[in-house]
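Turn these sequences into a full structure, and let the hints guide you.
Protein chains: 2
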Amino acid sequence: MGTQKIIITDHLHECLTEEIELLKPDKIFILTDSNTHEACYPLIKDHPLLGEANISTIPAGDENKSIQSLMFVWKSLSSFGASRKSLLINIGGGMISDLGAFAAATFKRGMRCINIPTTLLSMVDASLGGKTGINFNGLKNEVGAFYEANAVLINMQFLKTLDKQNNLSGYAEMLKHGLIFDVPNYQELLNFRFEKNADLNKLGILVQESIDVKKYYVNKDPHEQGVRKILNLGHTIGHAFESFAMHSKKPILHGYAVAWGLICELYIAHRQCNFPKEELKKLIDLIKDRYGIFEFTCKSYDKLYEYILHDKKNTKGSGIISIPLLKERGVVSLDETVDKDLIYESFDFFRDFMGI
Amino acid sequence: MGTQKIIITDHLHECLTEEIELLKPDKIFILTDSNTHEACYPLIKDHPLLGEANISTIPAGDENKSIQSLMFVWKSLSSFGASRKSLLINIGGGMISDLGAFAAATFKRGMRCINIPTTLLSMVDASLGGKTGINFNGLKNEVGAFYEANAVLINMQFLKTLDKQNNLSGYAEMLKHGLIFDVPNYQELLNFRFEKNADLNKLGILVQESIDVKKYYVNKDPHEQGVRKILNLGHTIGHAFESFAMHSKKPILHGYAVAWGLICELYIAHRQCNFPKEELKKLIDLIKDRYGIFEFTCKSYDKLYEYILHDKKNTKGSGIISIPLLKERGVVSLDETVDKDLIYESFDFFRDFMGI
Ligand SMILES: NC(=O)c1ccc[n+]([C@@H]2O[C@H](COP(=O)([O-])OP(=O)(O)OC[C@H]3O[C@@H](n4cnc5c(N)ncnc54)[C@H](O)[C@@H]3O)[C@@H](O)[C@H]2O)c1
Ligand SMILES: NC(=O)c1ccc[n+]([C@@H]2O[C@H](COP(=O)([O-])OP(=O)(O)OC[C@H]3O[C@@H](n4cnc5c(N)ncnc54)[C@H](O)[C@@H]3O)[C@@H](O)[C@H]2O)c1
Ligand SMILES: [Zn+2]
Ligand SMILES: [Zn+2]
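Which chain is which? The protein sequence lines are F and R, in order. Residues 1128 to 1483 (the numbering used here) are what the first sequence spells out, left to right. Residues 1128 to 1483 (the numbering used here) are what the second sequence spells out, left to right.
What the hints contain is simulated information worked out from the structure, not anything from laboratory work. A virtual CB, placed ideally from N, CA and C, is assigned to each residue, including glycine. Just so you know, not all the hints are guaranteed correct.
A short, non-exhaustive set of chain R residues, derived as facing chain F with CB atoms under 10 Å [unchecked claim]: (1) Lys1235; (2) Phe1263; (3) Phe1319; (4) His1350.
Rendered as structure tokens:
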């Protein structure tokens, strides 16, 4: 994100004007999903420079982050004469920015694009840092590229129409960022609540801090060869919960999975790296309070462990689970090797704590 | 190609061993087309490190540089558990290296790949320099990425089974390289003939020189923002001939189109930039001798001009034709604005000279 401009602004129109004047695109294209076309596109559709923009809309939902949607976007670009100097504006959550930026990365070997994230998750995570892609062959993000949007323009007003669950989903990544880096407003972050009329200005400050954390690690390691893996805190076990829930036909939002994954991974950190007990207690209480209960029985441990192995096999292939663990807030040990026993113990702890 | 290793070798097996030992892939995949599977794969199939490699083969022909083939390659990689550390070896001409390297560029956001070019065109051009892609929406290379193969391993023996037309197709790009840079063995290049039992060692020396020229310009401008456009010499009018022939259902090989395009563009250079007359004469005689005649009537000038405009519209949009022209051998003027009249005059010259 060295070259990636990320701007939180109350003046989206002016900001967009500036970026467009800077990029001087020969044509402008817009991508939305069906929901963001309804809820978000109206906020910019009267922009004078977008009068002739070509709009593509795909159905909402992560199952549409697919090769079919990608071909649909390529086709629109191609048929309406996009060039490498044209601009694609992605208006939506992570589904839209992942798909749209990947389309931009690969259209004529790379055209310009701007992300306008409209979910909290995409504001603090998905729309930044250059990971783009689609799901393929039943696997998440199996196909993609590293390609940074020329600019990311964030306007907190979009969150007004976002439901609480999706706000909480993004909040989980903010918690993660607050844990892997000593952010100034950590306490404010913990206290923030997504009530009706939540203070979006205050949230904007927390979002900025969260972005800075991601920026910091991405700049150090743009292609995820090493330290960027820190951003996967909570995700090893989180992904297992996500896959498990999906295969049980009770899918959960990504951020919920991460939040619950954090409980297990913080417990493991406590046992293996002396992550402080009081801090653990405070966090897991908060997560239970905000995200509620995730249920599974001890009969599912093997299945969950299998998902973890599958997630990790690509880098190791040996059955060794190596994940980033917190020693304390802001201090991460990158490649901790974790025993199967301790992982099972963390499941026990999780269920005990959830009272299931 | 700063980091791209390009090796011409008589010891393909040893070379491949070295590269594999360097890259330490967790799995190896091979991509061929139906012809190279027959004619080229046998030359390496007994390699001890390829015993467990997974082989994918797609039908030969540029119409298969398609999204369908791309999905087939992604699917093979995915289903057989490829990771970012796996290696894809592309064995074939430009069709295979463009497609295979694009698949590698986009599988899990980038896995390793090695090109083993088996046509002269891919040895001196297509397999080098990081341009990858597929045809889409009826347009050549509409979708793709810049992604350099980790290594390009060249063995001249592959050319033994390549037909004369395809050898001449590659030779046209070598002529182009010999024109845009003062290569030491220019005279040998002009004298080289693809007879039965042509001296492949001698050709190897000329291929090395040709590669060095491409390398030189690609390193200066990897993403084709400026000087790399020099490599398009002969291609503006060449592409028009290629499109024209294709739409007339008498498709011609890319290199033939380039060779014929060179005749017109050298004539224009002579008229506009004083490219020396004797040099022009020598070259067009040679091209006519090797590539024969390409026929069109003056009724087709407008159509040809339309193709040229379409090719260029992406950068200008104004109907102005701006192409690189030679002042003399090795001295290029990058952005010469050429009048419609002069282009039509070059068509006249071409037809006169061809005796049609
Ligand atoms: N590239 C990365 O680094 C990265 C990081 C994290 C997640 N991701 C990806 O992001 C995706 C998840 O992102 P997401 O959670 O934003 O999902 P999403 O884009 O699917 O959005 C969630 C839902 O909210 C709707 N929506 C979006 N903005 C709205 C608004 N302002 N008002 C009302 N409804 C709105 C959407 O239509 C959708 O139904 C996944 O595909 C994930 O893989 C990518
Ligand atoms: N990426 C670049 O910079 C670049 C540059 C130039 C061309 N290209 C692309 O390269 C492609 C053309 O490449 P090409 O001319 O190598 O075409 P190709 O790969 O289609 O090969 C031509 C024919 O020769 C056959 N063949 C290949 N090697 C053989 C061998 N050793 N013996 C017998 N038969 C063999 C192939 O099966 C095919 O039928 C086009 O798609 C073009 O767009 C790319
Ligand atoms: Zn996440
Ligand atoms: Zn060419």
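### Query
Any hints this thing doesn't respect? Which numbers, in order?
Result: hint 3 breaks, nothing else.
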